[in-house]
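Trainee: Here the protein sequences line up with chains B and C, keeping their order.
Taken in order, the first sequence gives residues 127 to 471; the numbers are from this note's numbering.
Taken in order, the second sequence gives residues 127 to 471; the numbers are from this note's numbering.
These aren't lab readings, by the way, just hints derived from the structure by calculation.
Do not take every clue at face value.
Said to hold, decoys possible - If the Cβ cut is set under 8 Å, some of the chain B residues that face chain C in the computed set are:
1. Arg157
2. His160
3. Leu291
4. Leu296
5. Pro420
6. Leu444
To be verified - Using 30 Å as the maximum straight-line C-alpha spacing, the simulated BS3-like pairs for lysine-lysine come out as follows:
7. B:Lys129 with C:Lys129
8. B:Lys469 with C:Lys300
9. C:Lys469 with B:Lys129
10. B:Lys143 with B:Lys393
11. B:Lys393 with C:Lys300
12. B:Lys437 with C:Lys300
13. C:Lys437 with B:Lys300
14. B:Lys469 with B:Lys454
15. C:Lys454 with C:Lys437
16. C:Lys300 with C:Lys129
17. C:Lys129 with B:Lys469
18. B:Lys143 with C:Lys300
19. B:Lys454 with B:Lys437
20. B:Lys143 with C:Lys437
21. C:Lys393 with C:Lys437
22. B:Lys129 with B:Lys437
Given the structure is predicted, the values throughout are model-derived calculations rather than measurements.
Virtual Cβ for every residue (Gly too), placed ideally from N, Cα, C.
2 protein chains.
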Amino acid sequence: MTKEARLVLAGFGNVGKAFARLLLQKENELREEHGLSFTVTGICTGSHGAAIDPQGLDLAQALDTVERTGSLTSLDRASFLGNTLDFIEICPGNVLIETTPVNPRSGQPALSHIEAGLARGMHAITANKGPVVYGYQHLTRLAESRGKKFLFESAVMDGAPIFSLFRGPLLGAKLLGFSGILNSCTNLLLERMEGGETLTQAIAYGASIGITETDPSNDVDGWDAAIKVAALVTVLMGYPLTPLEVQPVGIRGITPQQITQATAQGKKWKLVCAAGWDESGQFYARVRPETVGPDSPLFAVTGTSSFVQFKLDVLPGLGILESNPSPKTTAFGLLSDVLYALKEK
Amino acid sequence: MTKEARLVLAGFGNVGKAFARLLLQKENELREEHGLSFTVTGICTGSHGAAIDPQGLDLAQALDTVERTGSLTSLDRASFLGNTLDFIEICPGNVLIETTPVNPRSGQPALSHIEAGLARGMHAITANKGPVVYGYQHLTRLAESRGKKFLFESAVMDGAPIFSLFRGPLLGAKLLGFSGILNSCTNLLLERMEGGETLTQAIAYGASIGITETDPSNDVDGWDAAIKVAALVTVLMGYPLTPLEVQPVGIRGITPQQITQATAQGKKWKLVCAAGWDESGQFYARVRPETVGPDSPLFAVTGTSSFVQFKLDVLPGLGILESNPSPKTTAFGLLSDVLYALKEK
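Just chain B, same shape as in the assembly (with noise of 0.2 Å):
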């Protein structure tokens, strides 16, 4: 019994290009063990232009050719003209792989493209955390009125598995609260000022290896991570909260003599996200730096490592984490969210 994922790609970046190369590795096991078969039937990119072929695209000459030429349109065969919203309308297909650049304060584009897919009947699966903080529960609504899915399974923690923990495994159990280190870019930016580097200097260097933006403030101010606190907290504890009502705390606070105070107590700065409710039943949520000693786990979260744990009302304490992602390890997220969709239709 085979399933077939007809996969219409909106976005061709890091992430969507590790998916396309995680596809092309997996075909024959996916094929032989899980009864996948799948075709791409379409690439919309920002700068790159479009193709769509309904027979399917020959996947790596799509990853040859925009690597060699720049661009896709060679290998479209519908004379595409549009942006992407137009390419979701058009594209043939039952899955849509949304992994467009996002505005962190809107969940702009990515929003209207799942909104769109949805509207015409496709699962929508993203790596945006965006559309799951501002549309989330509108969207599992669309969807589960089409009879179709939305996931977002790497929006927090890359491919680790976190929301497809509670939709299966964790079935039964009640999520109390949680705290962990969920962005990766202010854990290797306090590492490098460990290592002597003031904060500017430590930006720089994380801009020359891509992991800080040219504006890195996102990350440095915590609003990257408090868009995951608000996600984890909206989808899995039912609570909908914005990543405004988390009034983050960043990094940029902390100066090197704090650093070297903490190293001198065998401590580390950490950016430390947590939410729940407390004794009293009061709900909070809170993204703010704080000091961590060898004996508790998140001491051992290193570089672009993440770590989450969960509290619940049958297990104290679960932890997730995961040790050096890659855009391969966040294509993961993507193709388990399609063979979650497809299991289940």
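Given chain B, put chain C in place with the hints provided.
Mentor: Below, chain C without anything else, positioned relative to chain B:
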């Protein structure tokens, strides 16, 4: 759409009772959120009698009765006489919950209990790892031939999602190896030795709080850990491995001097489990004491907590930490398996 679990409880020790309490605690939630109603049609113990009631036992009364009188027989409506195997042969139900004491060298009598339950057309769910190590393939085939499930989430790391992770969220990923701390008893003993106790004193303390058994060699000599390694390798890597092949090295050889020396270097001794394929494609599996520093995720695994880090083809390091387990944690693993078995039927 309500599913009904008619539960047959073989074993009513700490874990069996914790499972009964969890059922009572979650009765409404299970019905309202998961469409699952349950009846316990029978409970069989080794030395506190047995009770069968095809209409369903009053679970709160059963817990109270065994606590107060030391015997369940006053609740029996079937004039039951016999051992646990006889009980499984005649007690009506659709899910067997197996938590009887097990011989770690043979997996018996748990293995026979599960075989009997499956042969009668029940799903078989156990908290025992013995049947997994000594009967995984046979019992899984038997279950499949009846359209039933053989499940054992609680066999390794109590209720933390391990096996369920691989049949759900990690579908599409290949496990290449793992390392971690799987025996919580030795982890606690080593911690007590860091506090200045000898191994003998630490074992006496462990016995006083119910962590170590009268004969602690199963834990101290690494056999419990080796059985868990064998279970993970057999089930998750598709490589049938026996505990003997692991050739475990326990913690008996660790001297107070070695502990002091490690502490002076800022390190800790841990009983580390590991298995996988090395760079040259050679398979390895081991249990042995190792020192770890604060940058290792094993360093902060204190007390009776446990941790495993998986190396997958798509996730370079996925760690699962379970902090402060209790019989309730193990009970949740059983409940999680019940939900899965009845969902998938």
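Trainee: Are the hints correct? Go through all of them and say.
Mentor: To see whether the hints hold, each was checked on the structure:
1. Violation of the interface hint for Arg157 of chain B is found here, the shortest Cβ-Cβ separation to chain C being roughly 12 Å, above the 8 Å cut-off.
2. For His160 of chain B, the interface hint holds, since its Cβ comes within 8 Å of a Cβ in chain C; the closest pair sits about 7 Å apart.
3. Interface restraint check for Leu291 of chain B: the shortest CB-CB distance to chain C comes to about 6 Å, inside 8 Å, so the restraint holds.
4. Among the interface hints, the one on Leu296 of chain B holds; its C-beta lies about 7 Å from the nearest C-beta in chain C, closer than the 8 Å criterion.
5. The interface hint given for Pro420 of chain B holds, since its Cβ lies 4 Å from the closest Cβ of chain C, which is under the 8 Å cut-off.
6. For the restraint placing Leu444 of chain B at the interface with chain C, the shortest Cβ-Cβ distance is roughly 6 Å, inside the 8 Å limit, so the hint holds.
7. Between the alpha carbons of Lys129 of chain B and Lys129 of chain C the distance comes to roughly 28 Å, so the proposed pair stays at or under 30 Å and holds.
8. A C-alpha spacing of about 19 Å is found between Lys469 of chain B and Lys300 of chain C, which places the hinted pair at or below 30 Å, so the restraint holds.
9. Between Lys469 of chain C and Lys129 of chain B the CA atoms are separated by roughly 21 Å; this keeps the pair inside 30 Å, and the hint holds.
10. Restraint check for Lys143 of chain B and Lys393 of chain B: not satisfied, since their Cα atoms lie roughly 39 Å apart, outside the 30 Å limit.
11. For the hint linking Lys393 of chain B to Lys300 of chain C, the alpha-carbon distance of about 36 Å lies beyond 30 Å, and the restraint is violated.
12. Restraint check for Lys437 of chain B and Lys300 of chain C: satisfied, since their Cα atoms lie roughly 28 Å apart, inside the 30 Å limit.
13. For a cut-off of 30 Å, the pair hint linking Lys437 of chain C to Lys300 of chain B stands: about 28 Å separates their Cα positions.
14. In summary, the hint linking Lys469 of chain B to Lys454 of chain B is supported, as the alpha carbons are separated by about 22 Å, within the 30 Å threshold.
15. Proposed proximity of Lys454 of chain C and Lys437 of chain C is supported: the alpha carbons are some 29 Å apart, at most 30 Å.
16. For the suggested pair Lys300 of chain C and Lys129 of chain C, the alpha carbons sit about 33 Å apart, so the restraint of at most 30 Å is broken.
17. Restraint check: the Cα-Cα separation between Lys129 of chain C and Lys469 of chain B comes to about 21 Å, which is no more than 30 Å; the hinted pair holds.
18. Only pairs whose Cα atoms come within 30 Å are accepted, and Lys143 of chain B paired with Lys300 of chain C is accepted, the gap being roughly 21 Å.
19. Taking the CA atoms of Lys454 of chain B and Lys437 of chain B, the gap is near 29 Å; set against the 30 Å cutoff, the hint holds.
20. About 23 Å separates the Cα atoms of Lys143 of chain B and Lys437 of chain C, which keeps this hinted pair within 30 Å; it holds.
21. With a CA separation close to 24 Å, the supplied pair Lys393 of chain C and Lys437 of chain C stays within the 30 Å bound.
22. Using a Cα cut-off of 30 Å, the hinted pair Lys129 of chain B and Lys437 of chain B is violated, with the two alpha carbons roughly 37 Å apart.
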